[in-house]
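**Q** Chain by chain, the residues:
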Amino acid sequence: MKLIIAFIKPFKVDELKAAVTAVGVTGMSVGDIRGFGRQSGQTEVYRGAEYEVEFLPKTRVEIAVDDADVPRVVAAIEEATRTGEIGDGKILVVPLEEVVRIRTGERGADAI
Amino acid sequence: MSEGTIAWLLTSSALVLFMTPGLALFYGGMVRAKNVLNMLMKNFFTISIVTVIWTVIGYTLAFGTDIGGFIGGLDFLGLRDVEGDALLFMVFQMMFAIITPALISGAVAERMKFSAWVLFTTLWALIVYPIVAHWGFAADGWLFAWGVRDFAGGLVVHINAGIAALALIIVLGPRRGYGTEVMRPHSLPLTLLGTGILWFGWFGFNAGSALAADGIAINAFVTTQIAAAVAALAWVIAEWMKSGKPTTLGAASGAVAGLVAITPAAGFVAPMSALLIGVAAGFLCYGAVSLKPRFGYDDSLDVIGIHLVGGIVGSVLLGVLAQSSVNAAVPDGLLFGGGAFFLKQIVAVLAVMAFTFVASYILARIVKAVIGLRAEENEELEGLDISLHEERGYVLS
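Chains as they are written, first to last, in the numbering used here: chain A, 1 to 112; chain B, 1 to 397.
One chain only, chain A, in its complex shape:
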């Protein structure tokens, strides 16, 4: 099992959800975060004073998947969130030791 963590542009989250549910994903969690990558900051101007805003708003999406589904889900995320502009984000895939479905007590891939 793997945990897919995607840092994406906030306005792409609905497209991402549609794309991954179309390839069989049944759950995800989404959070509003701030961060920076190679895009670095952005300039904002208030009453003529310029501020370099170092942390930009991004959305963090977490999806747990079975190993066999990883390529399809990652591809779906890439396709849904790519604009080609700077700041599209990153996708991380990390190993997942255990999953527990709390209501039923199921373990492992069945619990996803």
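Worth flagging that the hints you see were computed from the coordinates, not collected in a lab.
The beta carbon of each residue, even a glycine, is placed where N, CA and C say it ideally should be.
A portion of the hints provided could be inaccurate.
Which bits of chain B does chain A cover? Going by a derived footprint, with three or more residues having C-beta under 8 Å, they are [unchecked claim]:
id : stretch
1  : 225 to 233
2  : 238 to 251
Chain A is nowhere near these chain B residues, computed Cβ spacing over 10 Å in every case [what the hints assert, rightly or not]:
id : residue
3  : T5
4  : S187
5  : F200
6  : E391
With the hints as your guide, set chain B onto chain A.
**A** Structure of chain B alone, referenced to chain A:
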């Protein structure tokens, strides 16, 4: 007073009171989220402080029997013998006494501790405001008696608050991290709503200052609308040309600058003159705010750039654009054949600036010596809302 006048002045008093919570939102949106409640409270609480002071002694110091043109006597102490029409005038003027110190709060945002603000406001509303109000508004006050005119408070409210803000921030010092950290407005929607409430309330401020439901009130209402709208246009055009983007904060700031500048002139100038005053206010206040970084003072929300500069623009241009055909209570300005009046307006601006700067500086030093002006470093970093008020502005769970 006629029934119409009584109705209009009661309404205007309520409109002017509403400006203070409007100002609270205007300022509150411009601070960081961790200080929004402190900013709102510094304004809202001023309503309570000044109401008490004005009732007990402020009104008589401003409008009691004149002593040497400088201050009013104590004959109306505790509102003794203040009845009927005079009581209505008293409460209308009370609302001006409330918003004037509230205006200062924008300059000290995010670092002045609340107790120090309460003490400073109390002393300032007790000593500085009544004296300057006496000079400019009372029939025997030396500026008014000399021929200076201030229709609704360019001198008494805006220059007075703006220069007091400068004196206070010199003693207070800048916010920690000023000039290096990002200190951007946390909610411009609040600021724009506050601007709308200020604009709405300003009709009571200016048109109410006719002290009658008459043609002069109508004139003041119209000039107020024109100047506010045009100044917002001018500010946005200036920033659009200079930095390439029209901003919401620019539109809000420009509207307030126009409202400030028309305040001393609203019932004394013609509508087309209000257009000129609005243009001047929008461009000059934008310029003043843009120059702020060169001076190094942390006038956090631009009280000086908007209220002091806007007040000066309006008070001086009144000396140019006043027309006795609009209002027999004012002499003609420079453009309409006058001359002495223009010079008197300039002297009045300088006199109020000098007196209020010195008096406010002394009061600030006294408060600093007695209880200190600033929040502790960790309180400022954590935010004044949680550290001084034990509340948060936004609880999202």
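**Q** Against each hint, give a clear statement of whether it holds in the structure.
**A** Okay, the hints, checked on the actual structure:
Coverage of the stretch 225 to 233 of chain B by chain A is violated [criterion: at least 3 residues with CB-CB distance below 8 Å; count 0]. With a threshold of 8 Å between beta carbons, the proposed coverage of the stretch 238 to 251 of chain B by chain A holds, since 7 of its residues qualify and at least three are required. The non-interface label for T5/B is consistent with chain A: the shortest C-beta to C-beta separation is roughly 40 Å, beyond 10 Å. With a minimum CB-CB distance of about 12 Å to chain A, S187/B clears the 10 Å threshold, and the non-interface call stands.
Annotated as non-interface, F200/B keeps its C-beta farther than 10 Å from every C-beta of chain A; the closest such distance is 23 Å. With a cut of 10 Å on Cβ distances, E391/B stays outside the contact zone with chain A, its closest approach being about 23 Å.
In this structure, the one hint that does not hold is number 1.
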